[in-house]
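The task is simple: from the sequences and hints, build the whole structure.
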Amino acid sequence: SSGINAEYGEFQTFQHYLIQINLRMNCPDTFEHFLLHGDEKKITVVPDTKVPNAASFTLNKEDHTLGNLIREQLLHEPHVVFAGYKVPHPLVAEVVIRVQTDGEISPQNAFSSALTDLISEVCLLEERYKAALRDKRDLNN
7 SSGINAEYGE
17 FQTFQHYLIQ
27 INLRMNCPDT
37 FEHFLLHGDE
47 KKITVVPDTK
57 VPNAASFTLN
67 KEDHTLGNLI
77 REQLLHEPHV
87 VFAGYKVPHP
97 LVAEVVIRVQ
107 TDGEISPQNA
117 FSSALTDLIS
127 EVCLLEERYK
137 AALRDKRDLN
147 N
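When we follow the working numbering, the leftmost residue of the sequence shown carries the number 7, and every step to the right adds one.
Simulated from the structure, these hints should not be mistaken for laboratory data.
No residue lacks a Cβ here, since even glycine has one placed at the ideal position from N, Cα and C.
A portion of the hints provided could be inaccurate.
[To be verified] With beta-carbon atoms standing in for the labels, derived distance ranges:
#, residue 1, residue 2, range
1, L139, V87, 37 to 45 Å
2, G90, T122, 14 to 22 Å
3, D54, V128, 27 to 35 Å
4, N147, G109, 54 to 62 Å
5, L42, T122, 19 to 27 Å
6, N147, S118, 42 to 50 Å
7, H43, L72, 15 to 23 Å
8, L72, K136, 48 to 56 Å
[What the hints assert, rightly or not] Cut-off 25 Å, straight-line C-alpha distance, at most; resulting in silico cross-link-like pairs (DSS-like, lysine-lysine):
#, residue 1, residue 2
9, K48, K67
10, K92, K47
11, K48, K92
12, K47, K67
13, K56, K92
14, K92, K67
Listed below in structure tokens is the structure:
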């Protein structure tokens, strides 16, 4: 058995080895999930023609992490009536966020405001983390 592990690395059998090789061949390169190519846009906006004051924002090269963060932040906006997101296909790095407002502001303004607030929260988190890290270092010295 030690010969198998030495020959196939971390895989237990030749069958496991072949399965992993096949999965890796069908899988896109990891950088394909976050690098934009040529004329690709990061965000596209499509106004909803059936629902008033609604739009869909497609975020290219993103996943559930950012989709859920933005959706949650949008729900804190006072004029947002609905905010939801979906990942259309698990192998495509794309998130679609749908926003509907009460008409006082546009979905684009609500989205922009939510992103600005989210950036502020992340900056505050970073400051607090660095302060806590400094305090911990000071206690150890």
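Status of the hints after comparison with the structure:
1. Checked against the hint of 37 to 45 Å, the pair L139 and V87 passes, with Cβ atoms roughly 40 Å apart.
2. Taking the beta carbon of each, G90 and T122 are about 20 Å apart, inside 14 to 22 Å as hinted.
3. At roughly 29 Å, the beta-carbon separation of D54 and V128 lies within the given 27 to 35 Å, and the hint holds.
4. For N147 and G109, the hinted distance range of 54 to 62 Å is satisfied, since their beta carbons lie about 57 Å from each other.
5. The hinted window of 19 to 27 Å between L42 and T122 holds, with their beta carbons roughly 22 Å apart.
6. For N147 paired with S118, a C-beta distance near 44 Å keeps the hint of 42 to 50 Å intact.
7. For H43 and L72, the hinted distance range of 15 to 23 Å is satisfied, since their beta carbons lie about 19 Å from each other.
8. The beta-carbon spacing between L72 and K136, approximately 23 Å, falls outside the hinted interval of 48 to 56 Å.
9. The suggested pairing of K48 with K67 holds, with an alpha-carbon distance near 7 Å, which does not exceed 25 Å.
10. Restraint check for K92 and K47: the C-alpha separation of about 18 Å stays at or below 25 Å, so the hint holds.
11. Distance check on the hinted pair: K48 and K92 sit about 16 Å apart at the alpha-carbon level, within 25 Å; holds.
12. Straight-line distance between C-alpha atoms of K47 and K67 comes to about 10 Å, which keeps the hinted pair within the 25 Å bound.
13. At roughly 19 Å between alpha-carbon atoms, K56 and K92 fall within 25 Å of each other, so this suggested pair holds.
14. A threshold of 25 Å between alpha carbons decides the hint, and for K92 with K67 the separation of about 13 Å falls inside it, so the pair holds.
The earlier numbered hint that this structure contradicts is number 8, and it is the only one.
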